[in-house]
Amino acid sequence: MPIDRRLILSINWPLLGLAVVLFLLGTVNLYSASGYRLEEGMSLAPYFLRQLVWGAMGLGGMILVMLFDYRHLKTIAWPLFWLTLILLAAVFFAGKTIYGARRWLDLGFMNFQPSELAKIAVLIIGARILAREREPLGFVRLAYVLGVGLLLAGPIIRQPDLGTGLSLVLILGGMILYHGVTPGVFKTALIAIPSMLPLAWLFLHDYQKRRIMTFLDPTTDPLGSGYHIIQSQIAIGSGGFWGKGFLQGTQSQLRFLPERHTDFAVAVFCEEWGFVGTMVLLTLFCLFLHQMVNIAKDARDLFGSYLTAGVFFYFFWQILINTGMVLGLMPVVGIPLPFISYGGSSTLVNFCLVGLVLNVSMRRFLFKQS
Amino acid sequence: MSNLYDNASQQPPRSGLLLLQGLIFLVFCLFAVRLWYLQIHRGEFYARKAKENQLRQESIFAPRGLIRDRNGDLLAVNEPAYALGLVREDCQDVDGTLRQVAQWTDGNFDDLKGLFVKNQKRVKSFEPLILVPDLSFDQVALIDANRLRWPGLAIQVRPRRQYRHGKLLGHVLGYVAEANEEEMERRPELALGDYVGKQGIELVLEDRMRGVKGLSQFEVDVTGRRLQERVLKHPRAGHEISLSIDLGLQELAMDWLDEEAGGVVVMDADTGQLWALATSPSYDPNAFTSGLTPAQWAELRDNPQHPMQNRVIQSVYPPGSVFKHVVAGAGLHYGMLDPKEVVHCPGFTQLGSHVFRCWRKGGHGNVNMERALIESCDVYFYRQGKKLTVDRMSEFAFASGFGHPTGIDLPHEKGGNIPTREWKRRRFGEGWQGGDNLNMSIGQGYTLVTPLQVARFFAAALNGGKLLKPLLLKDDKPVVQGQVPLNQEQLDLLYRALVRTVDDDRGTCRRLRTAGVVVGGKTGTAQVVRLTDALKALKDDDIPYRFRDHAWMAATAEKEGRRFAIVAMIEHGLHGSSGAGPVVKALIDYIFYGKITPKPEAQKARSRAARLLSHNATGGGRAN
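If you read the protein sequences in the order shown, they are chains H and R. So in UniProt numbering, spot 337 of the first sequence is number 337, and the numbers just go up one at a time. So in UniProt numbering, spot 244 of the second sequence is number 244, and the numbers just go up one at a time.
Looking from chain H toward chain R, a few residues come up when the C-beta cut is under 10 Å (computed):
{"no.": "1", "residue": "180"}
{"no.": "2", "residue": "230"}
{"no.": "3", "residue": "243"}
{"no.": "4", "residue": "282"}
{"no.": "5", "residue": "302"}
{"no.": "6", "residue": "312"}
In short, the hints are calculated from the structure, not lab data. We put the beta carbon where it would ideally sit given N, CA and C, even for glycine.
Whenever a hint applies, use it, and build me the whole structure from the sequences.
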């Protein structure tokens, strides 16, 4: 398929630029977070360099995703859905157990996590179904859409990977809200969801319950999961207005901050760049999301608009949950911050999803002009 | 591309777009407010927290000042000791760690836990709480090898006091031990686990010897590993101290005391410096440094020989015949006794219906003051004491340094007791009796002295009557505290009597004769009279713990301008000249000729047997 010159011109450059800037900030931050100031311990290179490699691969993946017309995804939506379901089932029976959770398929050369694929699958199937709905969702239609989502989320929650499982539900839920529900559904949900929380409590693992308890009062477990929260707040708070400067964050450099290269990476940023720097980062994220809203608005079809909304929620929830956790506003759940936390496959997926949205944006004029 | 064109009329849901923008706005506001709260509103609080996380300070222990004897031999030194501490902040599993420590050190988990709970409020969470003050080398190696698996455990090296000669100088040096609550309150510079002097010179010169702790600051990572240590303040070692004690002489004195209850004082008659201050039985101060076990403490406390008692300054005894020189001095001072006056001794004298006996049954016949001193005639002093009365005897005794502490630089010194009419009335509610004068005149009755007071008095007989402060430091300058109220002629008379007690064939101290040395002496045998009522009225500490005779030997020795007063006192049961005399003789030989005469083994065996016997027997014979 030849690439139309107009496609290149129509690329939403601000979104692409913001993604790259965020990624580069994240990489610089990783350099600090993984660098152990003194000779002992780990060396600087691995996380920071590996992240750069993943980023390059991500950009490549992004370009690949931009090459084909996103509307083809509509046709593969259902096959992708079934494939994902089969892979999830395969994990259930033949998966590799790491850290007590069965989440990976051993492909020989790498470990593959089908739940990552499920995130993309839920976006596409959600966009396809919702784009065809003419009216706000009533109870029946809502049950249908949610049912499709739960088919994917269920096995993931069983792995157990509550975080990813719930994130599927949240992405789909966001898309449903974007589409709109009938006032009756809305009111019911407003009452039903909070009242189901005690029930959900029963399904949580002990460690998950403990995390929530600790979130409510971190001092009850200062050496356990409360430690994360306390240390994270110390790191952030001690950054003050201007921050301690690049590579000067004592809490992260001296390794008081746990998981400072993954889930708590942003705390390192807050410590070193202070209130000013963090506000800049936050603004960049908001602009990044805002560009997606623009794309969703201008998309040439509803499928593209819903797809973009799905990607929006994919990023939105991660930013909300991760930053909320690091800032001590939410319980500790293992969710990375896009572009800032270290993570190979998540970087790859992030860039590919940005590519997907760019794909939607660059093809918005094709129909009108031809 | 069959399905290229969708229905173009489809518009994205307006409410949905508003929702997305609203969410962005909400998240921005929420996080901005939270960041403002954490980084600006509470920024300083967290900055302080971060500093505590990262920077720790630790004291660098200062070594205590060394202690040497007068010849420079080391008596007290410092050796490195290894203590095991627990840094709470770094320790994730306190109980598990304590259990492991208990296993390593053959300790008890419950004890460690108790210690931990008791002290955890006193020690900051990032400072080591000392669990085991004293690790053996094997334990250090074992723990060090496994330390990475037990974060929070810290081996601390600090100087520990070591007393080279153990028991030999226990009472003079005293000991150090960990500071207690009260001491920490009094001296704010002390921290939990610091050593302070508790007894002896260590206590008296605590401030000079302790030194000043240094301070080091270091960064730690989350496992408590130290990075980048920096000394903020170097420690200053305590001052070195040289005692006036002569180690060899002290050793000899202790050898002769041989665990018998008693004491020896050797005083330089011209400076007041003490060359030996031996008390027996003694204790090993090293035992206190690492903390006594309850069993060790019980043994020291319950030992009938009271090894913690410094018999030279803390025990008071009736002086017996040694006091006759004081009585004679009083007679001379008040002009009431003519030295030439002759008294007839038939072996006893009578007061009312009461018979007072001389130690020699047949009597001494006619004796003047000098002969009475040389032969220690009791009857002479009964007669003269009655004439002098208590008022003059006690006044002179006070003036001669008895009845109050000498002011030696050791804690808990006793002053002894010199009775007066007023004192007796206050103490017993009854007046002074005629018989009391007689008892007092031969150093019995209510008169109680310390061996150190006796030594100081006899030193005065050599140095022209100066009462010198007994000194323990080599660099201390002589301090004259008083003057025995006698002129030189009178002093000479007393001194001549002392020397003739050795030289004269009828003298009681013949065995002190030493070629080339002018030796004077006075034996004493002090009967501890069973005065049940009187004893009840005394303070516990003033009651001699066995009511038996004490053997005294007070001596002077001079040769080529070097002059010493030497006193040996052995509690109960041993004869004055034979028990205490040989000790003094051996000391004189050592001082002037460097000769070491150890106590004969046979004599050691005998004294051991006597000691065993004395535990059961009460009362006892009396001889002069």
